[in-house]
Amino acid sequence: MENRHKILILDDDSDWLALCRELLEALPSRPEVFTANNAKRALALLETEKVRLLISDLKMPRIDGLQMLSIVRRRFPELRTVVLSGLEDEEYRSRAYALGVDLFWLKPEMQRNSKLFTECLESLLGHADRDADAGFRGIQSKSLMDIIQMECLSRTSTALRITRGPLVAKLWIHEGELIDAECEGARGEVAFQRLLAWKTGTFENLPAEPNRERTINKPVNALLLESAQTLDEAAQPSTEPESLESALHRKTMWKLAQLTREGAEFVVAAPMGTADDPEALGTQNVAALAQWAQRATEIARRLSDRLEAGPLSHIAGQGVERQVVMLARTNRAFLVGWPAESTENLPEKSRKLVASWES
Amino acid sequence: MGILKRIFAGSHAAVQQLPAGTVTVDRQGNIVTSTVSAAYPGNLLHSLGRDVLELFREARTAQMPLSEVSLHFGSLRITARELRGGAIIFLFPQTALFSTPTPARP
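Protein chains in written order, with the numbering used here: chain A, 3 to 361; chain B, 96 to 201.
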């Protein structure tokens, strides 16, 4: 009995808490279930009980779910988190995943498919007698090829959304057959090949779209084989090694092309915590801009800690001459300059630019 | 009840609420006006004002003058506009309960 996992459910609706408790207590692993109807009480329980999994609602009075998740992420990094919300807005899903939750489920979806939901929870809980990191997260160690093969072998219909930083790709599988793919602006087989070159990422199963137009007619195994061959050939060392200057030049030209294609004025990559030189394209004012990016990152991190505001997403600045977006990464801060008249979603465009710059 | 008291006793579970409202600061970072709840710690608002002014000042030093800066955190958005003698700072909690209006540009 000592090895039973502990689950904490946080929701302001007492009827819902009772329903969830009943459902979770019937799990095969027989977890110990705690409930809390506000964030303060939930935090008190987390301090006193060794809880393995937190299931939280989003819309609650005073401290709501997103703020709660941001707090537990910092205070209890080992805690696995699931959001169970009635808010169907896709923005909340993205924000919850950005805060590092393991799973996001909508309440109506959970009621319709409670068996799948409980299976997901069992996977997240893992086995009590194994190490703390066992379980669902291990699926990320599988390659994308493995995941696609598993989906196709199970003959299911689903849409897979694969995310790698700001880049999002989708695959549509109908009764075990791959019917369509979208990735980096491409569609069909080309998109599928591009997607398979991704080394890391996360994926989500979305509801199937049986009426999706078919753009892929080759069997999935043939496509996987072709991709594996292409990737193997690309991984073979060249017989004539490229000179360092030539490789650097090619990389710079490629980055410049990305910058021009997106319409940005400049990118400055400022190192954080190291004495490395900043890297930049499109500006002569490298040192001063890098210094601002470093200073702004420090100020933002300080504010995040003091105000308990959660992790920094980005800083946007508006001037007469230009707009800027600053994205802080672990080792570098990126400052991207855009024309003052740009009206598009600049943070998103900056993220894509930085992701391709870093890759 | 004894068990409950033991569980919920102590100061470990203190949670700070996110600030919401508008703050105006002068060029030294002193608060001139504020619509943020009086229960919110004043020293945090004061340091926020100083940090925001520093962002504008450093941007000018970098020859990149900015009239508006927005810091987007997981749970809070801080939008600051530079005024002639200081700055006006809008605080929008990014939570399910609060709407997140974008102030119209002048």
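Just so you know, these hints were derived from the structure itself, not from any lab.
A portion of the hints provided could be inaccurate.
[Stated by the list, open to error] Not the full set, but computed from the structure, chain A residues with beta-carbon under 7 angstroms of chain B:
hint, residue
1, Tyr99
2, Leu101
3, Met147
4, Thr262
5, Gly265
6, Ala290
7, Leu291
8, Leu314
9, Ser315
10, Gly319
[What the hints assert, rightly or not] Non-contacting residues of chain B with respect to chain A, defined by C-beta distances greater than 10 angstroms in every case (computed):
hint, residue
11, Gln112
12, Thr117
13, Gly124
14, Ser132
15, Ala154
16, Ser162
17, Glu163
18, Phe185
Built from N, CA and C at the ideal position, the CB exists for glycine as well.
Cut-off 7 angstroms, beta-carbon criterion: hint that leucine 291 of chain A touches chain B: Nearest chain B Cβ about 5 angstroms off; hint holds.
Are all beta-carbon distances from threonine 117 of chain B to chain A longer than 10 angstroms? Nearest chain A Cβ is 15 angstroms from threonine 117 of chain B, so the label holds.
Is it the case that serine 162 of chain B keeps its Cβ farther than 10 angstroms from each residue Cβ in chain A? 6 angstroms, violated
Can the hint on alanine 290 of chain A be confirmed by a CB-to-CB distance to chain B that is less than 7 angstroms? 4 angstroms, holds
Does the closest beta carbon of chain B sit nearer than 7 angstroms to the beta carbon of leucine 314 of chain A? This interface hint holds because 6 angstroms falls under the 7 angstroms limit.
Should the interface hint for leucine 101 of chain A be scored as holding, given a Cβ-Cβ cut-off of 7 angstroms against chain B? 6 angstroms, holds
Would you settle whether the hint for methionine 147 of chain A is holds or violated, based on the nearest Cβ-Cβ distance to chain B being less than 7 angstroms? Violated: closest Cβ of chain B sits about 33 angstroms from methionine 147 of chain A, beyond 7 angstroms.
With d taken as the least Cβ-Cβ distance between glutamine 112 of chain B and chain A, does d exceed 10 angstroms? 7 angstroms, violated
Cut-off 7 angstroms, beta-carbon criterion: hint that tyrosine 99 of chain A touches chain B: 11 angstroms, violated
Could you let me know if the closest chain A CB is still more than 10 angstroms away from the CB of glycine 124 of chain B? Non-interface label stands for glycine 124 of chain B: nearest chain A Cβ at 13 angstroms, farther than 10 angstroms.
Just want to verify: serine 132 of chain B was marked as not at the interface with chain A; is every Cβ pair farther apart than 10 angstroms? 12 angstroms, holds
Is the nearest CB of chain A more than 10 angstroms from the CB of alanine 154 of chain B? At about 6 angstroms from chain A, alanine 154 of chain B fails to clear the 10 angstroms cut-off, so the statement is violated.
Checked against the numbered hints above, the structure breaks hints 1, 3, 4, 5, 11, 15, 16 and 17 and satisfies the rest.
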